[in-house]
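Those sequence lines, one after another, are chains A and B. For the record, in the first sequence the residue sitting at position 41 is 41 according to my numbering, with numbers rising by one throughout. For the record, in the second sequence the residue sitting at position 81 is 81 according to my numbering, with numbers rising by one throughout.
Calculated directly from the structure, the hints in this document are not laboratory data. Keep in mind that this is a model prediction, so the values were computed, not measured. There could be a bad hint or two in this list.
Any copy, or any two copies together, can satisfy a pair, since identical chains are not distinguished.
[What the hints assert, rightly or not] Derived lysine-lysine pairs resembling DSBU-like cross-links, with alpha carbons at most 35 angstroms apart:
| no. | residue 1 | residue 2 |
| --- | --- | --- |
| 1 | K221 | K110 |
| 2 | K110 | K243 |
| 3 | K221 | K131 |
| 4 | K110 | K131 |
2 protein chains.
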Amino acid sequence: MCRTCDHTIHGRQHHFGWDNSFEPAARVAPGSTIHFECQDASAGQLTPSSTVADVATLDFGRINPVSGPIYVDGAEPGDALKVTIEGFEPSGFGWTANIPGFGLLADDFKDPALTLWTYDPSTMEPALFGKNARVPLKPFAGTIGNAPAENGLHSIVPPRRVGGNLDIRDLSAGTVLYLPVEVAGGLFSVGDTHAAQGDGEVCGTAIESPMNAVLTLDLVKNANLKMPRFTTAGPVTRHLDAKGYEVTTGVGSDLMEGAKRAVADMVELLDARYQIDPVEAYMLVSTCGDLRISEIVDMPNWVVSFYFPRVVFE
Amino acid sequence: MCRTCDHTIHGRQHHFGWDNSFEPAARVAPGSTIHFECQDASAGQLTPSSTVADVATLDFGRINPVSGPIYVDGAEPGDALKVTIEGFEPSGFGWTANIPGFGLLADDFKDPALTLWTYDPSTMEPALFGKNARVPLKPFAGTIGNAPAENGLHSIVPPRRVGGNLDIRDLSAGTVLYLPVEVAGGLFSVGDTHAAQGDGEVCGTAIESPMNAVLTLDLVKNANLKMPRFTTAGPVTRHLDAKGYEVTTGVGSDLMEGAKRAVADMVELLDARYQIDPVEAYMLVSTCGDLRISEIVDMPNWVVSFYFPRVVFE
Numbered sequence: 001m002c003r004t005c006d007h008t009i010h011g012r013q014h015h016f017g018w019d020n021s022f023e024p025a026a027r028v029a030p031g032s033t034i035h036f037e038c039q040d041a042s043a044g045q046l047t048p049s050s051t052v053a054d055v056a057t058l059d060f061g062r063i064n065p066v067s068g069p070i071y072v073d074g075a076e077p078g079d080a081l082k083v084t085i086e087g088f089e090p091s092g093f094g095w096t097a098n099i100p101g102f103g104l105l106a107d108d109f110k111d112p113a114l115t116l117w118t119y120d121p122s123t124m125e126p127a128l129f130g131k132n133a134r135v136p137l138k139p140f141a142g143t144i145g146n147a148p149a150e151n152g153l154h155s156i157v158p159p160r161r162v163g164g165n166l167d168i169r170d171l172s173a174g175t176v177l178y179l180p181v182e183v184a185g186g187l188f189s190v191g192d193t194h195a196a197q198g199d200g201e202v203c204g205t206a207i208e209s210p211m212n213a214v215l216t217l218d219l220v221k222n223a224n225l226k227m228p229r230f231t232t233a234g235p236v237t238r239h240l241d242a243k244g245y246e247v248t249t250g251v252g253s254d255l256m257e258g259a260k261r262a263v264a265d266m267v268e269l270l271d272a273r274y275q276i277d278p279v280e281a282y283m284l285v286s287t288c289g290d291l292r293i294s295e296i297v298d299m300p301n302w303v304v305s306f307y308f309p310r311v312v313f314e
Numbered sequence: 001m002c003r004t005c006d007h008t009i010h011g012r013q014h015h016f017g018w019d020n021s022f023e024p025a026a027r028v029a030p031g032s033t034i035h036f037e038c039q040d041a042s043a044g045q046l047t048p049s050s051t052v053a054d055v056a057t058l059d060f061g062r063i064n065p066v067s068g069p070i071y072v073d074g075a076e077p078g079d080a081l082k083v084t085i086e087g088f089e090p091s092g093f094g095w096t097a098n099i100p101g102f103g104l105l106a107d108d109f110k111d112p113a114l115t116l117w118t119y120d121p122s123t124m125e126p127a128l129f130g131k132n133a134r135v136p137l138k139p140f141a142g143t144i145g146n147a148p149a150e151n152g153l154h155s156i157v158p159p160r161r162v163g164g165n166l167d168i169r170d171l172s173a174g175t176v177l178y179l180p181v182e183v184a185g186g187l188f189s190v191g192d193t194h195a196a197q198g199d200g201e202v203c204g205t206a207i208e209s210p211m212n213a214v215l216t217l218d219l220v221k222n223a224n225l226k227m228p229r230f231t232t233a234g235p236v237t238r239h240l241d242a243k244g245y246e247v248t249t250g251v252g253s254d255l256m257e258g259a260k261r262a263v264a265d266m267v268e269l270l271d272a273r274y275q276i277d278p279v280e281a282y283m284l285v286s287t288c289g290d291l292r293i294s295e296i297v298d299m300p301n302w303v304v305s306f307y308f309p310r311v312v313f314e
């Protein structure tokens, strides 16, 4: 895939959690293009032969390995790391799980569940779910970030202002991401690659899929970003939107409760219309349904909407 | 516009607030198509000759007049009103205001501000903002709903499970909306028409524009909806997405704070890049920027992203 890369970070060169004392896997000049081999979010614990029993016994100490860290010469606190997302080399295997205690509707879905996916990494045709649902694919890296300034080992789970487990679906090929730098060199790592995800990642997992990524790392000196920002090269939902959407809403004074209401109602709608088991519908919508804030100003009630792309069934 | 309408509700047939004791403006059979004349959200207080002084003296007792109510024969609590949004007849005039105390960044923008818009209602070409920004148009009704079951007069401002001031950008031509019915006849009204708005309506107003609307009202008996839902006929962002997006993010444990951070950073970005006065940028992004929830599961931090369509400047 990468004919012009300056460096390769192999899958064994990974770490769990963020710690600014981790030894860099490579030191690179600004402008370097790097080929990252990324494991899936289970670090290989889930495979094409896994069953739901393997979800129940996942070792959470080995969740979300990230490949790196990369020390970028000259990066200093206050700079931004400019990450040009050149492309991905997907593997063709993926999984989506409901992990007890994790996910937007954790109170409703307490039992582990697992969906295994296969897709064609050369054509990237929509991936079959169940008997007749097809989920359009758009690969991206769920976890992408720099090391935080605060010393010590930090959980990989929450994203931070330096990035990390952002799970932003549009960090796909062609996007340019700007991440605050908090330590010398930035100490950038990437992993948790996804073949597809909806905005929200509502069940807690996407189509989790091992994948290689090619990224170019550069610097913007003294950018003084407060938070990550990014620029997309073009439209972001055209793989999903051709047939329009079914949309459920949550109206009320709490955005989190509104999101839960909208997603729960969509699960119920898909169950009623397509006879999909609720936990299956919950995993399906996590890979392709989008949470949007329709209004956030009409005091005291806000509207969160959940957009399910009809192309999945039509 | 409407050659096949069964009824016309004139602009004078409006009410302020919701009250299930309001006398119906019309009683209609299910399946009726109705031509609604809708005033703008200021009920004509703001006009093409208004200045910012008129924002400061707005009479809030006359905000968001809605045309109706319509009593739909046979509608009963537990049913859903099926509203097919046939189309709009825009006027060509609009306004966007920053109203003190109202809007996502009310703490940052305390002074009134006003933008007046003109657009071509026949071509619906993007509307000019300032010297070189052009906002794509997509008309819809910001306030659309049934009367609530609870007796008495209720503020027009917050939306409720029966709908109302939903401000959902995609309630545009071709969309079919389903609203819970809580009282006999439903008592449906519509107004607060917008020529364009981004998801969130972040400054509190959109391109507020008087407009006629044609809607078909039908019933789904015993639908037992918990909240409004809708089906779009096709893609929802293609008027905006051709050139991609600039995106800012808010990462943290509170969705509301994340939304504020993302919008504030976008205002700052547009100010720095295009030398737009911050309050002008705030009003501009309210008409075209979209708030999305990128992830809502990576405890304890969520990511809210604000998507500004680059086509506005490019």
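Hint by hint, here is what the structure shows:
In the homo-oligomer, the alpha carbons of K221 and K110 lie at most 35 angstroms apart only across protomers (33 angstroms), although the nearest pairing inside one protomer, at 47 angstroms, exceeds that limit. Within a single copy, K110 and K243 get their C-alpha atoms as close as 33 angstroms, which meets the 35 angstroms cut-off; across copies the closest is 42 angstroms, which misses it. When the C-alpha separation of K221 and K131 is checked against a cutoff of 35 angstroms, the pair qualifies only between copies, where the shortest distance is 31 angstroms, while the shortest distance within a copy is 51 angstroms. With identical chains, the CA atoms of K110 and K131 are at most 35 angstroms apart within one copy only, with a shortest distance of 25 angstroms there and 55 angstroms across copies.
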